[in-house]
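Kindly generate the complete structure, drawing on both the sequences and the hints.
So the protein sequences, as listed, match chains A and B.
Numbering that gives the first Met the number 0 numbers the first residue of the first sequence as 0 and each following residue consecutively.
Numbering that gives the first Met the number 0 numbers the first residue of the second sequence as 0 and each following residue consecutively.
Honestly, the hints are just simulated from the structure, not real lab data.
Any given hint might turn out to be false.
Unchecked claim - Subject to a maximum C-alpha distance of 35 Å in a straight line, what follows is the list of computed DSBU-like cross-link-like pairs (lysine-lysine):
id, chain 1, residue 1, chain 2, residue 2
1, A, Lys13, A, Lys106
2, A, Lys21, B, Lys24
3, A, Lys120, B, Lys275
4, A, Lys142, B, Lys24
Stated by the list, open to error - Just a sample of chain A residues kept apart from chain B, beta carbon distances all over 10 Å, derived:
id, residue
5, Lys13
6, Gly38
7, His46
8, Asn150
9, Met155
What the hints assert, rightly or not - Some chain A residues judged to face chain B by a derived CB distance under 7 Å, without partners named:
id, residue
10, Glu61
11, Asn84
12, Ser126
Think of the CB as a built atom: it goes at the ideal place given N, C-alpha and C, for glycine as much as any other residue.
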Amino acid sequence: MFKLSEQGLAEVKKELARYEAKESAIIPSLYIAQKENSGFVNPSVIHHLSQVMDIPEARINEVFKFYTMFNQKPVGKYHVQVCTNISCALEGSREMAGYICHELGVKYDEVTADGRFTVSKVECLGSCGTAPMMQVNDYYHEKLTPESAMNLLRGMK
Amino acid sequence: MAEVKILTEFYHLPEYQTLAGYQAKGGYETVPKALKMQAQQIIDEVKASGLRGRGGAGFPTGMKWGFLPKNGEPRYLLCNADEGEPGTFKDRMMMERAPHQLIEGMIISAFAIGSHKGYIYVRGEYVYPIECLNKAIQEAYAAGLLGKNILGSGFDFDLDVYRGAGAYICGEETGMISSLEGLKGQPKLKPPFPAVQGYLRKPTIVNNVETLAAVTYIIRDGAQAYRKNGTEKSSGTKLFSVSGNVVKPGNYEVPLGYPLMNLIMNECGGMKPGRKLKAVIPGGSSAPVLTAEEVAKANMDYESLAGLGTMLGSGAVIVIDDSQCMVDMLGVLTHFYAHESCGQCTPCREGTGWLNKILHAILEGRGRLQDIELLIKVADNMKGKTICALSDAAALPVLSFVNKFREEFEFYVREGRSKVKGTTYAEMHH
Numbered sequence: 000m001f002k003l004s005e006q007g008l009a010e011v012k013k014e015l016a017r018y019e020a021k022e023s024a025i026i027p028s029l030y031i032a033q034k035e036n037s038g039f040v041n042p043s044v045i046h047h048l049s050q051v052m053d054i055p056e057a058r059i060n061e062v063f064k065f066y067t068m069f070n071q072k073p074v075g076k077y078h079v080q081v082c083t084n085i086s087c088a089l090e091g092s093r094e095m096a097g098y099i100c101h102e103l104g105v106k107y108d109e110v111t112a113d114g115r116f117t118v119s120k121v122e123c124l125g126s127c128g129t130a131p132m133m134q135v136n137d138y139y140h141e142k143l144t145p146e147s148a149m150n151l152l153r154g155m156k
Numbered sequence: 000m001a002e003v004k005i006l007t008e009f010y011h012l013p014e015y016q017t018l019a020g021y022q023a024k025g026g027y028e029t030v031p032k033a034l035k036m037q038a039q040q041i042i043d044e045v046k047a048s049g050l051r052g053r054g055g056a057g058f059p060t061g062m063k064w065g066f067l068p069k070n071g072e073p074r075y076l077l078c079n080a081d082e083g084e085p086g087t088f089k090d091r092m093m094m095e096r097a098p099h100q101l102i103e104g105m106i107i108s109a110f111a112i113g114s115h116k117g118y119i120y121v122r123g124e125y126v127y128p129i130e131c132l133n134k135a136i137q138e139a140y141a142a143g144l145l146g147k148n149i150l151g152s153g154f155d156f157d158l159d160v161y162r163g164a165g166a167y168i169c170g171e172e173t174g175m176i177s178s179l180e181g182l183k184g185q186p187k188l189k190p191p192f193p194a195v196q197g198y199l200r201k202p203t204i205v206n207n208v209e210t211l212a213a214v215t216y217i218i219r220d221g222a223q224a225y226r227k228n229g230t231e232k233s234s235g236t237k238l239f240s241v242s243g244n245v246v247k248p249g250n251y252e253v254p255l256g257y258p259l260m261n262l263i264m265n266e267c268g269g270m271k272p273g274r275k276l277k278a279v280i281p282g283g284s285s286a287p288v289l290t291a292e293e294v295a296k297a298n299m300d301y302e303s304l305a306g307l308g309t310m311l312g313s314g315a316v317i318v319i320d321d322s323q324c325m326v327d328m329l330g331v332l333t334h335f336y337a338h339e340s341c342g343q344c345t346p347c348r349e350g351t352g353w354l355n356k357i358l359h360a361i362l363e364g365r366g367r368l369q370d371i372e373l374l375i376k377v378a379d380n381m382k383g384k385t386i387c388a389l390s391d392a393a394a395l396p397v398l399s400f401v402n403k404f405r406e407e408f409e410f411y412v413r414e415g416r417s418k419v420k421g422t423t424y425a426e427m428h429h
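Next comes the structure, spelled out in structure tokens:
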């Protein structure tokens, strides 16, 4: 069963007091819990947050399911998100995403056997002038080629 | 070169990100000036400037502020930094290079509308911009520019950042309000408009990053000075995010009314060697596409683009060259809107899904000639029938792509492969 760390719990409490409506703390708290649950959210996380926040599970669950940045399945240590929306597609991002999957020997949204990578195709990340690009966890990597993207990923242990 | 750098004059200086660097270039000098004015004077000045919302809708900012109730009811100022319109990356640059510029604009705007609490709603992926904003907000509090009794004026304003979590629809102002309230980011039926009943049912003004940043310069130099750039109805400068198949993509600040062809050929260095201009989406993915012939007639202002049946939108200019397949590119867009429909209204939820299914049937070689008419019929039935504009935003690209590049769609259906690329969808991408 998932349980927030002491620090995580303190952070959630802080968020609960931060906004005029306590429900505003659901999104920030999901981020905190997801980080402590190896990058994804499952029913046990929702259950725990519901108890800590005193908000019904269904209420937290609907928010969790609505937003794409909360992962419903485990992801690798490095979540590689390749923008395949129009500006990046014009500059070859779909081919780049396919190349990365091929090189890593994995399908989209799966975790590599060593647990290091998950590759996802995502919508516009606001990095259209520096296409193609990928976001790896919190960081943007811009002006890539398939080869330069793979070189970056190979360096991520 | 026709760049006119009002907002972006000092963006090349790394220290402009900090309070000291911003103040060294005159930053925050407009706050004491504004706080000595009457709130109504500021609103009048913004009205007189002709400033229009830079997020996409282009609604006159001063008029929006004017919809607030005139009583002393508590009200909120929300900055829309959800920047999700495909092709748009200007707000990200503004928050990274000049977070204090946004804060200054928000202090002045909050004072004008009588708000004591503001939020900057930033899309969740913008981790670095959020870091820049948080640092700048801390600096501003320490300098007495935020919080109680700002610069001894008696005016209080608290500002916080809210991080979204991945949903295009949260860029729609009532979707953003829902999200900030801890709900699914679903838009709300209007009226009541947010200015009357918004965040937590209190009067709320939602303005884009670029809009709020511009307010400072209008108050600093006056409405007339602001109007020196741009056209009569589209005043001032605008940041255009240019992406796609040009030599130098990037953000460029030019006066409104600037010819689109000049932006592409001069600022952006033209098309890549050996390639020809085929089409441009001038205002983010929701704006109807222009053919190369239309591009030659287009000026980057609200009226000129409306005259060509498209829109200025967020100022995201997506340039497409002759090596691109329009059927393939439309497939990218239908996928996006199907993914981002919030599911609330039937015409949008069903329509975006069907547009995407039909388009991908064509792309995968399973298309029938009548599917082209079906695309148009479905898209037509999605216009003006829903709570927010996402449904229209999904329909308009379909109608414009199909109508203007029809022979490419017909060829694709007949041959099961792209007229431009000569290959099938599977061969193109796998």
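So, going through the hints one by one against the coordinates:
| no. | hint | in the structure |
| --- | --- | --- |
| 1 | A:Lys13 to A:Lys106 | violated (39 Å) |
| 2 | A:Lys21 to B:Lys24 | violated (40 Å) |
| 3 | A:Lys120 to B:Lys275 | holds (29 Å) |
| 4 | A:Lys142 to B:Lys24 | holds (31 Å) |
| 5 | Lys13 | holds (12 Å) |
| 6 | Gly38 | holds (14 Å) |
| 7 | His46 | holds (18 Å) |
| 8 | Asn150 | holds (22 Å) |
| 9 | Met155 | holds (17 Å) |
| 10 | Glu61 | holds (6 Å) |
| 11 | Asn84 | holds (5 Å) |
| 12 | Ser126 | holds (6 Å) |
The structure fails to meet hints 1 and 2 from the earlier list, while all remaining hints are met.
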